[in-house]
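S.K.: Here is what each chain is made of, one letter per residue.
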Amino acid sequence: SQQGEEDPQALSIQEGENATMNCSYKTSINNLQWYRQNSGRGLVHLILIRSNEREKHSGRLRVTLDTSKKSSSLLITASRAADTASYFCATALTGANSKLTFGKGITLSVRP
Amino acid sequence: GAVVSQHPSRVICKSGTSVKIECRSLDFQATTMFWYRQFPKQSLMLMATSNEGSKATYEQGVEKDKFLINHASLTLSTLTVTSAHPEDSSFYICSARDSTGRSTSNTGELFFGEGSRLTVL
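Just so you know, the protein sequences line up as chains A and B, in that order. Quick note, the first sequence lines up with residues 773 to 884 if you use the numbering used here. Quick note, the second sequence lines up with residues 98 to 218 if you use the numbering used here.
Note that these hints are calculated values from the structure, not bench results. Be a bit skeptical, because a hint or two may be false.
Said to hold, decoys possible - Okay, derived cross-link-like pairs now, DSS-like style, lysine-lysine, Cα gap no bigger than 30 Å in a straight line: (1) B:117 x A:876; (2) B:161 x A:871; (3) B:138 x A:871.
Extracted from the complex, chain B is given alone in its bound form (with noise of 0.2 Å):
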């Protein structure tokens, strides 16, 4: 099946410093990704949709200066978490929809990285 690569799994920071998430897919292509963002218990919550070779698109509320997506291939998107403070602390999961033609639909289903638990003190 198809495989999305997150990295790190996990990381500290300390405040004010940026943090760099990368998702890969690593045996298809991706258009496009999407970053979610989860709180413990609680749903995703869509932040932005990564286009490859494009400006992402960012849903109501998320400060695109505040969370930089680049999506420079068809198999890398990274989001970037500028001057992290403490309330930035979560997990953040990307995903990545099949753009080779594999899934029998337009809206098909999301292969999903690991995620990526941060943990800005």
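Isolated chain A (complex conformation) (with noise of 0.2 Å):
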């Protein structure tokens, strides 16, 4: 089964709202990865957490990383229309150059 599991599965609020997004995971990881993808195209990288590290900013997004319980949360703040699109979550195994492994994303719509 995938490493990461992401949920909800869909999510919609309104405009302005924040949004909340979880993602569990199942093994030991070197680091977690969230990123986004519009309908339709390439998934573009939003913020990378290491497992030594437990909360993470850039912008509007707040990341955090609880490896006792193997999870991670995505905070997107102050919503806009645009943040619209699927949000996946993926983990890195212990070692250099491993792969990542998506989880099954969550849909975001975030209403006008």
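Two independent chains are provided; combine them into the complex using the hints.
M.R.: Right under this line is the structure:
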């Protein structure tokens, strides 16, 4: 089964609200990354958090990592209609040049 | 930022023909590129890891004779879907890791192409 599992599978919020998306994984990791995908397009890297980090910020994004619970959350504050997309977490296992394993993704819809 | 160009973005072909998809890193070198397949509203499934100058590493269940991968230079990997059938219709995405050391980690971010939608009639 896949390493990363996001929840909820779909999220619909009003513009201006915050969106919280969660990801759980099963094995020890080197780092966890979040990506965004607009419909029919490639993926765009959002943020990377290492296994020895607990929280990271980038603009309106806040990522947390709890290695004891093997979970991560992505918070988008003050959401905009343009944030509408699918969001994936991906885990890199220990070791150099490790491949990434993607979760199933969360579809976020931000209503204007 | 790093750019990965994938071509073609869309291709329609007849059953039995072969289709080649190119993945180029435009402003960085990539000793490793990855090929994914994505079904509608689903996650990315890693098909194979493309290694410059050596054979690709295929994931379990992926037919290497069906999906030929060539990584002849530090900026180009190609995926050829041979004798395509309708069940091969899918969205194929490549990604590359910057091997020039700009990433702060050996397992740093991947840069993705825009994907190629293959439709086999």
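S.K.: Determine for every hint whether it applies to the structure shown.
M.R.: Results for each hint:
| no. | hint | result |
| --- | --- | --- |
| 1 | B:117 x A:876 | holds, 27 Å |
| 2 | B:161 x A:871 | holds, 18 Å |
| 3 | B:138 x A:871 | holds, 22 Å |
Of the numbered hints given earlier, the model fails none.
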